[in-house]
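There are 2 protein chains.
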Amino acid sequence: MWLRVLAMAAAALAAPREQICGYDKCPAGKQDMLNVHLVPHTHDDVGWLKTVDQYFYGAKSEIQRAGVQYILDSVIQELVKDPEKRFIYVETAFFWRWYLQQDEQTIATVENLVNEGRLEFIGGGWSMNDEACVHYNAVIDQMSLGMRTLFDHFGPCGIPRVAWQIDPFGHTKEQANMFAQMGFDGYFFGRLDYDDKKRRMNASEMEMVWLASQDLGETGEIFTGALYNIYAPPPGHCYDVNCNDQPIMDDKRLKDYNVDEKVDDFIAYSKKQAKSFKTNHIVMTMGEDFHYQDAGMWFKNMDKLIKYVNARQSGGEKVNVFYSTPSCYLKSLHDAKLVWPTVEDDFMPYASDPWAYWSGYFTSRPAQKGYIRKSNNFLQVCKQLTAMMQTERTYETPNRVDYLRYAMGVNQHHDAVTGTEKQHVANDYIQRLSEATDSCQGAVNDALTRAGLPVQTFCNHLNTSVCHVTEQSGKFVAYVYNPLSRSVSPWVRIPVAGDAYTILDPEGQAVASQLSPIPAEVLSLPGRNSSAVAELVFQASDLPPLGFKGYFIQPAPGAATSQVSTERPGLQSLSNGHVTLDLDPETLRLGRVRAGKADIQINQTFMWYEGYGNASGSKWERPQRPTGAYIFNPKGEAQVIEAKSVVTLDGALVKEYRHTFDMDWVSQVTRLYKDEPFAEVEWMVGPIPTEDGVAKEVISRFSSAINSTDTFYTDSNGRQMMKRRRNHRDTWTLNVTEPVAGNYFPVNSRIFIKDADSQLTVLTDRSQGGSSLASGQLELMLHRRTVQDDAFGVGEPLNETEFGVGLVVRGRHWVVVSDPADAPKLHRDLAEQMFMAPQLSFAAADFMTPEMWSSAKVIKQFTGMQPLPANVHLLTLEMYKPNQLLIRLEHQFQADEDPTLSKPVDVNLKDLFTTLNVTSVEEFGLSADRPLKDINRLHWDHVQSNRLPKNFRGAAHEVYRSTGAEHDPLTVTLNPMEIRTFVASYQSPYPLPTPPAQPTE
Amino acid sequence: MWLRVLAMAAAALAAPREQICGYDKCPAGKQDMLNVHLVPHTHDDVGWLKTVDQYFYGAKSEIQRAGVQYILDSVIQELVKDPEKRFIYVETAFFWRWYLQQDEQTIATVENLVNEGRLEFIGGGWSMNDEACVHYNAVIDQMSLGMRTLFDHFGPCGIPRVAWQIDPFGHTKEQANMFAQMGFDGYFFGRLDYDDKKRRMNASEMEMVWLASQDLGETGEIFTGALYNIYAPPPGHCYDVNCNDQPIMDDKRLKDYNVDEKVDDFIAYSKKQAKSFKTNHIVMTMGEDFHYQDAGMWFKNMDKLIKYVNARQSGGEKVNVFYSTPSCYLKSLHDAKLVWPTVEDDFMPYASDPWAYWSGYFTSRPAQKGYIRKSNNFLQVCKQLTAMMQTERTYETPNRVDYLRYAMGVNQHHDAVTGTEKQHVANDYIQRLSEATDSCQGAVNDALTRAGLPVQTFCNHLNTSVCHVTEQSGKFVAYVYNPLSRSVSPWVRIPVAGDAYTILDPEGQAVASQLSPIPAEVLSLPGRNSSAVAELVFQASDLPPLGFKGYFIQPAPGAATSQVSTERPGLQSLSNGHVTLDLDPETLRLGRVRAGKADIQINQTFMWYEGYGNASGSKWERPQRPTGAYIFNPKGEAQVIEAKSVVTLDGALVKEYRHTFDMDWVSQVTRLYKDEPFAEVEWMVGPIPTEDGVAKEVISRFSSAINSTDTFYTDSNGRQMMKRRRNHRDTWTLNVTEPVAGNYFPVNSRIFIKDADSQLTVLTDRSQGGSSLASGQLELMLHRRTVQDDAFGVGEPLNETEFGVGLVVRGRHWVVVSDPADAPKLHRDLAEQMFMAPQLSFAAADFMTPEMWSSAKVIKQFTGMQPLPANVHLLTLEMYKPNQLLIRLEHQFQADEDPTLSKPVDVNLKDLFTTLNVTSVEEFGLSADRPLKDINRLHWDHVQSNRLPKNFRGAAHEVYRSTGAEHDPLTVTLNPMEIRTFVASYQSPYPLPTPPAQPTE
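Order-wise, the sequence lines are chains A and B. Taken in order, the first sequence gives residues 1 to 1001; the numbers are from our numbering. Taken in order, the second sequence gives residues 1 to 1001; the numbers are from our numbering.
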């Protein structure tokens, strides 16, 4: 079936038919009238109240009456019946699984509809990803997965021209920037701050041009529109089987004839809506969550609406209604040739009313958020290794890498990574990631085998200091793979059961190591099944780019045996040579940090907010709305969790303060690795007790002497830094109703404060909510457990449990104190090391001896590529087609960050990879669906930016356009913040698989 | 539109295409397998929780997700896609309004589907009528309306071959008899007593031949099947948008694959079901209430079910599933050539469990039941007069008579006349009847105008002794129309405000009259707005058949002034010459009745049952299930409502006892009209107080010296009499769990008990529940008000209110005490006078004088027909087509009832009507949709009856077959209980309307 679909699609593309999709096929509207674009649409969450598969099939109707298979079945049927009708489809994860189940006739029908532009893909990602909690790497992957699937099968008419983020709970600048570079002509969303929306409606500034990159200029601009009614139809005009609005009853023979009332109402609403917009075109989103299961119901009533509204024209009414799509609406706006207002900040956080700031979800389900980030890391490893070793080059999809692509695509959904799904759905998301990780680990194993390694074991529970192979093996080899395009020397921590180990590096040299006892809080974690009592810590020095090293580890004690961390009572100061941490003897907290020239008082502690909500589920007034999966609604100031004890562990490699607190469900290890420029804070929170019926949201707060006033900085999806000001928004006067929640912003990778002398940067291992509520202060929310649903739809309190108790979460912050001038190069580098961390794998080696280890026949290391310059990141290396590579190179500095590293940089792809000889490249759009040369976005005039030079087209753009032709075809110039995407032909020492035969049927 | 549809249908019939509907096109099944007929169906209540129009459009989804327009839209679409698929549709009220809204293409599509037998009409009445509370006259009308609509537009393929009563709450013998005579080949129903069903399942006697007429023999036989699961699909296999069962998930790439489990379950269920049936064919009803709004959902999953179940055949499984219809299933049963068991009683009352006897609905909403019966009466009047006067002969429907046909069709629905609908729906039903009555009154006015009368006023509130025209006019004429085919002399009661009147009959002769004061209980009725203080009573003597007389009434006192009823304190006995009523001075109740030879102690009183149920809506156990709209569940014995006072009113024409009771919401007038053989008991009950939180069900109980033992008799839909035995069922041993409710039976027109010497018969003016709970006893339930929903779906307690208080209901019983041998001729005659009562209308006549009244120019009377023999009833006289009449003649006696009147009788149609000269007739089936000669029902062998002669084909059948050919073509022989239906050509003095031109488009 699968092959047949592929072959048919290929045949369809091979024999080009007249494509009649495109802007020029859009309904024109009437010049002297208010043109109302009805956009029939369905919003199909890729998991929320039900799992993605339950939604697809329409199972578990008792939870929600929602079945995507029926939506597509029934919409196609309606489209076929009437050429006036149009429909958009958004979530490729659903579309594609449906498409694969169709018979040839339906496939041909769908191809025709797409080709005619009547079934139009919008958005087109595998899911409609969240924006607050996602990392740009994962967004690019999931958008590419969806858009490539569409383009590969439908060709140009399958390209989504409009980005469609109608439901995500706030919008980031980097997301807009990425959409621009994926070739979208426009971007519509549904949710923005209630007050911002009010102002924009009054000022007719609902539509604007988002100048989404300070660095890229026009390349990062995108026309952006906020929808009038989120994504719902006008009140009273919801005609789905899931709606309760009255149908249009137009038979005068029957009772309840309501045409006049319906038409009056619709016209009045249209005119009211039009007041908030600049042109004589408005768009009405005719659909809602999982609508159109019975598409005939919607269309039948819209047919009547169109008929009876337009019938008023003969009486002089100037309203004209017709079926349309977002892209056709966009086209109408473009035709208006207006000069549009601009926006340069972002739409975070989202508040739906003065007491509903959706900043809870920045942290909801922190374990899931951590696992998703970790899975992104592994997916990159998996793609790199299978590409380098050419082990997953089948013509058939899905292959073992695809499963993880799919799982990651689904997990970027705005009810997945956000933590706003029901618990059983969260379980399903995690299970998908887990199973897909297994699958990709199989592929990695094949790749490593081809590289000469034995079969590897992956330890998936290192987050609880558990690894059965290392605990139970006598001797073993640990392999450390570096997915970065430069050399790194990470610290490795391996759970072990013994009390002394020796480690040999690939050269057979002994490696210094330290045995660090596993904290009691970890040892007693519920459900933990492990004999490990310590972590064996060592530095994997100089790991080659895209390469690995093996370390032979034996329990045999000897000269080079591991040192054991030493308890040093009373020691109030730890230093690793670069960083010195002093305790405050009064509070036992961290009190002072010295690093290079920086020397500041820093006080760090855990605190907790009491959230509104009542475990009895009692009623509430809006200001006391329960804190929950979506919103953060604390009752007041955070309360301190006092430190109870501190143990100081000393050693040559790693030194630690181990804190316990008067609430015994919180603990922390503050750690200095030898010579590293940061302190690692490993926090563990949970089970948060809620037996008292009180919701608790736990933060780590740093209070410092830094004079940051009201300003702090958070990253935008791990890339651009956003300047934030407390109690302030750039584009409207903030009414401070929620002094805490309203100042929370998403932190995907880092948050910092600074003054002229010092900068305190905290890097995170997952997305969290963060803020600075006072000058010198910086806080991150770590974990939350609530007692009541916050009434935004999920229908459950956020109450994660495992083994019968509240979920325990363990994570890391890297705390960097530095001169502000040095900070960017530190945090850009460290953030990459965080999200592209080395991958550990293991092989038992009971028969191995040091002598054998020294043999040349034992593969102990591998180098995948020449190192790239320090400011270049190899964002993507993966198979594109069975005989093409996909390569993305990224300049990871902003233009003003570093005098050296912010400069443009050249990379030559020739001879870059050791197993892949790139012979030619073609540049593609960011989503890798089509060549860059085929992307011609609509141009939008806008008012002059306050921040950017007039007509700034971006450093990247300028350089590329001016010098591209003269370049060596394999030399790529990267400007600040630029990502360039290439599809490459290559040669490799590994043979191509045989293409499948054409199906005979 | 309407004309176009008609013309198109006519054209379709005119150009006959190959009809491929029919039994021989049914799927054959496999001989060695269990053949499972999947019957996709929807059960569309013509009003229940929502009004009929709300159901049609799918309005008020918050009450129920149900929209018939979408069902038909979506089913047609699915049928078109796949020739294997079949669907049945039942309720013509819905189908027809949908059909009228379709465009030409859809109409053509539907015609094709019907012609191919893939859209099959089943049942086919305007609604799926109730059986317990309906009168046969209304059933015949509503079935004819539906079936004629289908036949006229679709021809032979539109004929429903199977009667389909899957939801009504019990089944009557007369209904089965009527179905047989409408030409149905079989009859399926869903609900029968739980214990009866259990026995039948064990004995494989779910299917049988119902010998439904003692008098008609084979003509009244019908193959009857009880469905296995009412009308629901097998548990777990409900695939509608309104269901929560899991879909069939057959994509192994996704989670939750469940094909094996689904198929195992379906096969197991099929085999279990098959054990209760005799052949290797079983039927599965794949649908439920208002299913198939999104037909694709159902069909998609059934396609998979069929595919995966039948795939098991290759592994040896002997189960074969396919799409089918009830008629195809019936065909399979017929092909089995078995000798089937028989049934000769009926399926009343229905008990769904030992503590849920659905005998409450026999009485629920007594005002509505009364109004429906009254509307039936008026519809017959309206049809007769418009036919006789040829005033409603348009080619376009609906005409003014049709509206009342439709309203009556809808009101026969099993949630309408039953009283089991929500209150707002009950209001809608009544409003429909009221509006349609207005419409038909308009038509009657035209007819009477053509007969020479002035414009008439109809007094629609005579039930509360209100008539504005007679109260407020000085002088007026009262016209009394007799819809019976024989002369009658009814007693007329006219509300008046004055204290003395003279009445002149058409000959100008003074008519004796009596002024009867309106009881105080009536005068103080809430909402009553009238100046009438008395009713003017007189006898309209010798009203001609289908004729009227006018009575000129003046308030002028004079010689012939009306007598006023005289209060006679202490009078303990009243007599009208035929009947003598003695009071029991102890109890003040009626104590003794003498009539002819009969002389019996009879004690009559009101009583009330306390029903289970708690106004707080608290939970209950099954035995304490609340009494409600469906079920009657009393806590124990009825409690007496003691008589408080009695007033005796004497007069020459009418004598009355007027009782009040210690519960002041009950009152009664017991009345003897001069020379009549019955006593009229006019009861008034309400507002029943439920402020005490206690449900109350009020009865009138007669206790007599008649030695009736355990036997009593109730009518079946107003025709055949059913012998009932207390605590007994004919076909199984009754487990007496509910000694009261389980002995209640529907009484549509009469109930009696008797011994060798005396018979006590009570005739009712509406359907009621009745019983005999002890020898000599007889009771009828009059009114009920409950406090809790009985949890069978309606979701409301039965709690009728008006003007802020409980509804007051007033009705009449005619009590006849006689020699048993005389009883049939009395109750047959009186029952007809009750349900075909004279119609009063009025004209103010202020300028009229006695002299003018004597003028020949003033039309004062009219005779429509020659009188028919005393045992013949003109059941129907109406327009059939613009140039044809529909005539039904009925022999209203059973064979053994009367030595003379039970004999066959001839009627000659020639010169029968005064304005309609019948020239030729063709005999049709009872539902008047097609000629009798075209009806060839399937023959079913059955075991010999205990009661009927072997191979008895019915007296009617024998006579008709043997002598029909020799008859004068216009002479009709009627045998006992026979109804014969004729379509007649005729001539009349009134010209034909011009047929409409063929539409040009």
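It is worth saying that the hints were derived from the structure and are not from the lab. Glycine included, C-beta positions come from ideal geometry on N, C-alpha and C. Heads up, a few of these hints could be off.
If you want the footprint, here are the derived chain A segments under chain B, 3+ residues with CB under 8 Å [as the list claims (entries may be wrong)]:
# : region
1 : 52-61
2 : 67-75
3 : 248-261
4 : 296-304
5 : 399-411
Computed far set for chain B versus chain A, every beta-carbon distance over 12 Å [claimed, not checked]:
#  : residue
6  : Asp240
7  : Glu344
8  : Val511
9  : Glu610
10 : Val647
11 : Gln987
Under the rule of at most 25 Å between Cα atoms (straight-line distance), these lysine-lysine pairs were calculated in the DSS-like manner [to be verified]:
#  : chain 1 : residue 1 : chain 2 : residue 2
12 : B       : Lys81     : A       : Lys85
13 : A       : Lys374    : B       : Lys255
14 : B       : Lys85     : A       : Lys81
15 : B       : Lys374    : A       : Lys255
Each hint, compared with the structure:
| no. | hint | verdict |
| --- | --- | --- |
| 1 | 52-61 | holds (count 8) |
| 2 | 67-75 | holds (count 5) |
| 3 | 248-261 | holds (count 6) |
| 4 | 296-304 | holds (count 3) |
| 5 | 399-411 | violated (count 0) |
| 6 | Asp240 | 9 Å, violated |
| 7 | Glu344 | 43 Å, holds |
| 8 | Val511 | 44 Å, holds |
| 9 | Glu610 | 38 Å, holds |
| 10 | Val647 | 46 Å, holds |
| 11 | Gln987 | 34 Å, holds |
| 12 | B:Lys81 - A:Lys85 | 20 Å, holds |
| 13 | A:Lys374 - B:Lys255 | 24 Å, holds |
| 14 | B:Lys85 - A:Lys81 | 20 Å, holds |
| 15 | B:Lys374 - A:Lys255 | 24 Å, holds |
Violated hints for the displayed structure, listed by number in ascending order: 5 and 6.
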